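Engineer: The lines below spell out each chain.
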Amino acid sequence: MAHVASASGAGSASAAGEGAAASGASRPESSAPVVDRSSVEGIKARYRGNALIERLSYLGEVAPASRSSAMALAAAESKAVGSNTGLYASLCEAAGTDPDAEWVSATKARVHTRQEALERELNMKLAAQDRDAIFEAHTAVAKHFADIGSPKSSIASFMRAREYCTPSQLVSNTTDAAKVALGAQQVSSVEGIIRSTLSGATHATPQDHALLHAVMGAARLQRGNFAGAAQSFLAAGPALDSSVSDSIHRDDVAVAATLCSLAAMDRSRCIRMTQESIDFRRTVAAVPDAEALAADYARGQFGAVIRGLDAIEPSLTHDALIGPQWSALKHSIISRVVSDAVAPYARASIAAMSKRLSLPEAQLSDVVVSLIARGLLPARLDAAGGVIVARYSEQRPAVFAEATALAERMARETKQTLLRASMEQHHLAVKPPKNRRTGLPVGMAEGLEV
Amino acid sequence: MASDAGEIKLDPVNPRTENGRQFLDTVSRMAQADLRDLHRYAGMLAHKATLESISRVGSGAVVVLGEAISLPEHTASYACILYTAEPILHRQGHTALFVRFALSLFSEGDRRQLRAVPAFVASIARALGQHARSLGAASAAMRAITRAAEATAPNPHCLTACHAVAAMLGCDGKHYREVCAMADSDIFEVLPAASGCQVEDVLCFYYYAGVAYAALKKWSKATDSFSMVLVTPSAALSAVAMAAERWRILCSLMAAGKPPSMPVAASQGMARSLADDVRPFTRIAEAFVTLNPTALAEALKAEEEALAASSLTGLAAQLHRAQQARVILGLTSTFVTITTAEIAEKLGLGSAADAEALVFDLVRAGTLRASIDQERGVVSFLDDDATADPAMLVKRVESLVGAAAALADAIATRERDVVLSPDCVKHATMRARGRVSAEAGRSGAMAAAAGGADADVAEAMRRSTLDM
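If you're matching them up, the sequences are chains V and P in order.
If you count the first sequence from 1, position 138 lands on 138 in the numbering used here, and the numbers rise without skipping.
So the mapping is simple: the numbering used here equals the position in the second sequence, first residue as 1, plus 450.
Rather than coming from a laboratory, the hints here were simulated on the basis of the structure.
Computed from a prediction, not measured in an experiment: that's the story for all the values here.
Glycine residues also receive a C-beta, built at the ideal position from the N, C-alpha and C atoms.
FRET-style restraints, in silico, Cβ to Cβ:
1) V399(V) with H770(P): 30 to 40 Å
2) Q768(P) with T404(V): 20 to 30 Å
3) G385(V) with Q768(P): 31 to 41 Å
4) A747(P) with T97(V): 51 to 61 Å
5) A747(P) with G385(V): 26 to 36 Å
Straight-line alpha carbon distances no greater than 25 Å define the calculated DMTMM-like cross-link-like pairs of lysine to aspartate or glutamate that follow:
6) K330(V) with D289(V)
7) K330(V) with D266(V)
8) K355(V) with E313(V)
9) K796(P) with D382(V)
10) K79(V) with E54(V)
11) K434(V) with D727(P)
12) K845(P) with E402(V)
13) K671(P) with E402(V)
14) K431(V) with E650(P)
15) K667(P) with D634(P)
16) K671(P) with E628(P)
17) K431(V) with D873(P)
18) K667(P) with E408(V)
Sample of chain V residues lacking proximity to chain P, with all beta carbon distances greater than 12 Å (derived):
19) S69
20) L126
21) Q207
Excised from the complex, chain V in its bound form:
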């Protein structure tokens, strides 16, 4: 009970401490009005081109309240920067506005003419076997496809162009393909070429490196590989666009890096990669919420971390990069936080931990049970008493059971082998039945091997 009391006492003391910390150092105040990053204005302030269109479309789908304004802006951007008439028309429909029919028909004609010209150009260059020219022609075709909203064809053309590119052109080819993939949420299709470019690129600028790492991170995040995503996002560093980006904004990478690190890295590594990394601190400084999360985790203010997650949840569920994986990310972060919070205790009261971590008791119990079942928390739950009890590893029973099982398995397999060897030695075997007419085994009588 003393331990339980101490856990409760520690909980309340640290909760009080966290309250002080929460009101003080971890969230620096700013006099500038804070723009909601997930709002239409917030997205417009950070993105342009296809990246803007993609993010506004996602916002429109998940936030009914912002749908018409997001889709209207996306439609306007689509008309301004591209030739994707299909996308323009669907965005207008979603926004409840009428598309500019004149622009649509003119654009369609222009697209058709341009496509024919590009294909002619490409065929001429292929016939001439001029590698540089072929590369340029394929790249032009790829950009055209991206322009008209055919990302798969665009990426395929970029891949074909790679066969004709010089080492100095390789990086630009990869970054162009990466931007198209990112804009179309098809990042997994370019993961391979990004990996090979990063491993051998000597002509890449810091911006190129940052972009490629960020796209790789996005691909891994899409697959649920939070550890890999954290590594890639952290490697992107501060070189990405911090103004208005046509691919991926530095602030979004900072948030993703923070969340993936919290979700996937063990505590010491997470602190090393976030708090002790100058690059990361520069990157995340522009996103106070993310910065606070990382700082709270490093200081062991676990309740503040969970409250912080709840606070940023509304904006992140509307984010095209993080939104699809938000619930898995949040679950992973909460699991890690609970595990770190409970691990030092011999006995910990569910009620006290629940208050400390700002989690409902039922949810905390579920998380604890899940952690125990996955072998991530060496404890057991006294459900009746509402206490988590540490399970100190007593190796002897497990070792003995394992040794016994191994010995029994050895004996069993040896006897099986001995029986079979004995039977084979004396030519005892189950033989197939014989055909009465031919006297041969049934299969052989029919011409089949038995």
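Fit chain P to the known structure of chain V by using the hints.
Structural biologist: Same frame as chain V, now just chain P:
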């Protein structure tokens, strides 16, 4: 010869007839025969004329066994004659007489002499097994044949036909403990020449041993026994193997909570061959491992027909309970205490009382270490005390090490048998000879063979070369 109220009236042998004299003469010579000559007399008995004379003078001729040939002095002769007379007795409707004589042979016969006539003993045992069942004498037959099995086995690890028949009769008469006691004696060798064992005996013995273990709820041993059926060398799939695999899957679920893997020593392609036949049982196993009671219930309902066809409905009905036990055992790694209401919710039971009853049964069976606070409705899981008693630990380790050492000896013996077998020696000799040039001659070949080989092998090669 009329059969009157179960008593068989037989005509006595008439010594005044030529047939009768011939038969009596043969029998009395057999009585004095040396074991080495027995086969000659067996040949004589099997001669058509003698068989005809036996059938002509009637089954009364066989009554002579009780007078001219006595047990245990003339055990081998007794076995020889009974082996010959069995088809005649059966054909003439005197099966009960055969059973009586066979029981006497196995109960009173001399062990050494029985061991000398393994083929006769095996054949008589098989026939006795078959007839005893129909006459309701399975239990007596089982006891007699078990004695014969012990007597005729060349060594304690050797399987004989008598083992297989005894196992079958034991399961028939529900003498499961006796069958298990026989199977517990580590049998993994066959010596057909010395024991009269055939491949069917191997299949039947392990199959019925598995059934007996399963009847006594020794699921792990049952699974192992059925696995032995699968490791028999096979050029075709047998019905016994298919039945054994069905049993094996269900027993493995009861023992370990998961389906079994194919034995490493099984024939290649055995798993493939069995896959289609045991698909219903594989589906049941897949549902079991999900630990979802609903999924298991649905799978059992869907495969009702297959279970009934294999007569495994009773065993399958126990899977529910087994799955529930697995779920509760799984809880012990996560919880120190848990309410019976929560257990009932996890298992989909009707009430906390049902959960309490289930936990009670598991604790009483020794499967679960827990205590129940009935007032509060709380179950407390206790720590495993497998290592609490050091003396018990030491004893267990000693028995495991002893068993491993015995198996190592068996492997060494097997290795010697193989290496010194005529085929292997011949092959080695021819190989050695091929290495030496023709000019070196025979002695050179022998020397070369002896120089590079084990001493026993070299000696065997030298003898085989001289024989050539």
